[in-house]
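The listed protein sequences derive, respectively, from chains A and B.
Residue numbers for the first sequence follow numbering that gives the first Met the number 0, so the first one is 0 and each next one is one higher.
Residue numbers for the second sequence follow numbering that gives the first Met the number 0, so the first one is 0 and each next one is one higher.
Watch out, some of these pointers could steer you wrong.
Covered stretches of chain A (in silico footprint by chain B; criterion: 3 or more residues with CB under 8 Å from a CB of chain B, positions within the stretch not fixed) [unchecked claim]:
#, region
1, 203-209
2, 384-390
3, 450-456
4, 475-481
With the C-beta cut set under 8 Å, the calculated list includes, among others, these residues of chain B facing chain A [claimed, not checked]:
#, residue
5, I6
6, V30
7, V37
8, E53
9, L62
10, G118
11, T120
12, H128
13, R129
14, C169
15, G185
16, R219
Hints were generated in silico from the structure; no laboratory data involved.
C-beta atoms are modelled at their ideal positions from N, C-alpha and C, and glycine is treated no differently.
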Amino acid sequence: MSTSEQRSTTVKERADIALNNDFLRKAVRFTTERLRNGKQIASTEHGNWDEWRERGRQIRLHTIAHLDYYLNLFVDNARANGVHVHFAEDTAAATEIVMTIARHKQAQSVVKSKSMVSEELHINHALEEAGIEAVESDLGEYIIQLAGEGPSHIVIPAIHKNRYQIAELLSEDAGEQLPPDTTILAGYVRRKLREKFLDADIGMTGCNFAIAETGSMVLFENEGNARMVTTVPKTQITLMGMERIIPSWEDLEVMATLLPRSATGQRLTMYMSGITGPKRQQDGDGPEEMHIVIVDNGRSSQLGDPEFQELLNCIRCGACLNVCPVYRQIGGHSYGGTYSGPIGAVLTPALNRNVAEWDDIANASSLCGACYEACPVKIPLHDMLVYLRRRKVERGLGNRWESLGMKGFAVVMGNSKRLGAALKMGRLFQKPIVHNGTISLKVGPLKGWNTYRDMPSMADDPFRERWTKLEQELDQQSVTMDQTMQDRMEQLIQARQRRQRGDRNES
Amino acid sequence: MKVSLFITCLSDAIYPQVGEAMVRLLAAHGVKLDFPSVQTCCGQPSYNSGYWEETRTTAKTILKAFQDSDFVVSPSGSCTYMIHHYAELFKDDPIWLEQAHALEAKTYEFTQFLVQVLGITDVGAHFPHRVTYHPSCHGSRLLGVKEEPMALLAHVSGLELVPLPFADDCCGFGGTFAVKMADISGAMVSEKVDHIKETEAEVLVGLDMACLMNIAGNLRHRGEQVRVMHLAELLYEGVAVR
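This is chain A alone, in the form it adopts within the complex (with noise of 0.2 Å):
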């Protein structure tokens, strides 16, 4: 899906279809709420979670800072192990280099693991326009392809279909009836993939962490395809983006107790794979050939700046999306791009470069900030969804109507007077339409609100009316405050004092 196909329709068109899909809720629901329940087990049990995720961001933070160093490490040790490393800046330069590695091998077929890179690239278009086979082989991107549909969430790509609609697909696929029961599903899919794992000349994966001290990539998988994808093909291509490195194997410590536990709240995945090179005389298996593709694709653009570069820090767990109250509501497919929920409303237009220009997408947040206070890296996406509406303003791209609003608001609110005198005019104008105290009124900026509420009226007497009279009577019946009290507060006020000077000394 380019740029412009994803902004011909709205983020309220497409919310409005998934708002209007009952099984697509409840599937959602469903899920999020089982892994959001999972991380929550799992990261108290694992205990000092706070502490680890500080430790993450840390890590984090210092790699994406010194970014150039660890990738060059990383791909000098790579390169050493053996590994064909590429750079691609754009779409078209990662396709380019996959369809020549595939020309050159002349391949028929290619099987991958699960990959929000490839996703992000559309290789699988690419592939498939050359003739050549691409084959998803986990369990969720094999249904989604068998669905021509993209993932709906970053690590349970069918989140968004229940085992019945899973069922018809597959039914279709094998050309014979499947019971809606997902051990047969399953099994299904697992001698179908048999054969595809066999046959493929090129297996492709993504990365969910490369660890610049060695050269080697690492998979975090639940389904054991990834392995198969890495041993059996003589190819294998590995997609990553730029920003996947961690300096080392320590660090990957501190990350597989965030990952998994995050993502599903597993304490580690069934596999966990490190690759250091393609196979070696005395290997069992693995690939003769390995490379090693590193995205760019918008990504350095958030290097430097200081709003956006803890973007790079996401490890991609998906814990934002299962807290998400919004997505829990709309699904995935409504953000509109490859990556959804909160992450996925800053990252795309991140991503795309034009932060400003891309559609409204990132006013689909209440701002309720769990996706932060889930995020195993503690990356502010509330703060970055305020920067993005900010800098649509700046660029003068925001609503016109919303525009003088708000001008109208800041002179309103710019001063007591004009409050009070707004506050006078605006309960005689309600008048007319209050009705026991609500407004029920569905017309310009009140017709959402009220398709689903009432509006309580304005008050007769707002407060700054009531005051004068209100300071009168207390002033009658003087109370005096406990001694203890009054000292806390001294002491609070002289403490407070004491933290201004030292800032003030400090700078």
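Once you've looked at the hints, dock chain B against the given chain A.
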């Protein structure tokens, strides 16, 4: 010692009884609040929508209003947290920046003020009802007000506190979000109200009138009888009745 009330525009215009309950409750403990009438709004609607220039205009009214206060107390965690953004808004303006830091350090949300500043967890209230509590996102998650309301509620005699399922999930208000993304917001508030109904509580209590306005609006729209109150109102009613 000057303790000032930061009423917030919503409580000022729509819910003055919340401010009044706060004032009376604190007066009973010898804390006489002051009300600088030059205050307006914290600026959150324009800040969150990306209109920061407009927000600075509004923020200045708040900074000026509370310049001489020793403590500022507000019935909203969200508006209190907005003041924590002021330093970012005025980062290139040393004079306003210093004021922003000073205001942030002395501003407390209502329950923070009671518990952290005054050291009160028992106001002596009696409220014999089945109550559930919705923790508003900005207050609980960003400002970190989690224990304080629980401590206060635990000391109200006769009160039966029922846990709200999915309590931490946003009610769907989100300021202009509720208007811009009305259908998503509507789905969120409908789910919140479903959970409130599950508790069979007579009263929903919270610390932020914006969220409570949203939830109460949906309750009323659906003809539900659940009473919606700010904790200050609940505590004051519980004391006054006694």
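Tested hints:
1. 203-209: violated (count 0)
2. 384-390: holds (count 5)
3. 450-456: holds (count 7)
4. 475-481: Since 6 is at least three, the answer is holds.
5. I6: 5 Å, holds
6. V30: 6 Å, holds
7. V37: With Cβ-Cβ at 5 Å, under 8 Å, it holds.
8. E53: 4 Å, holds
9. L62: 12 Å, violated
10. G118: With a closest approach of 6 Å, the G118(B) hint holds.
11. T120: Violated. Min distance 13 Å.
12. H128: Constraint on H128(B) not satisfied, violated at 22 Å.
13. R129: Violated - the Cβ of R129(B) stays beyond 8 Å from chain A, reaching only about 23 Å at its closest.
14. C169: 4 Å, holds
15. G185: With Cβ-Cβ at 3 Å, under 8 Å, it holds.
16. R219: Hint holds; R219(B) Cβ to chain A Cβ min 5 Å, cut 8 Å.
Of the numbered hints given earlier, the model fails hints 1, 9, 11, 12 and 13; all others are met.
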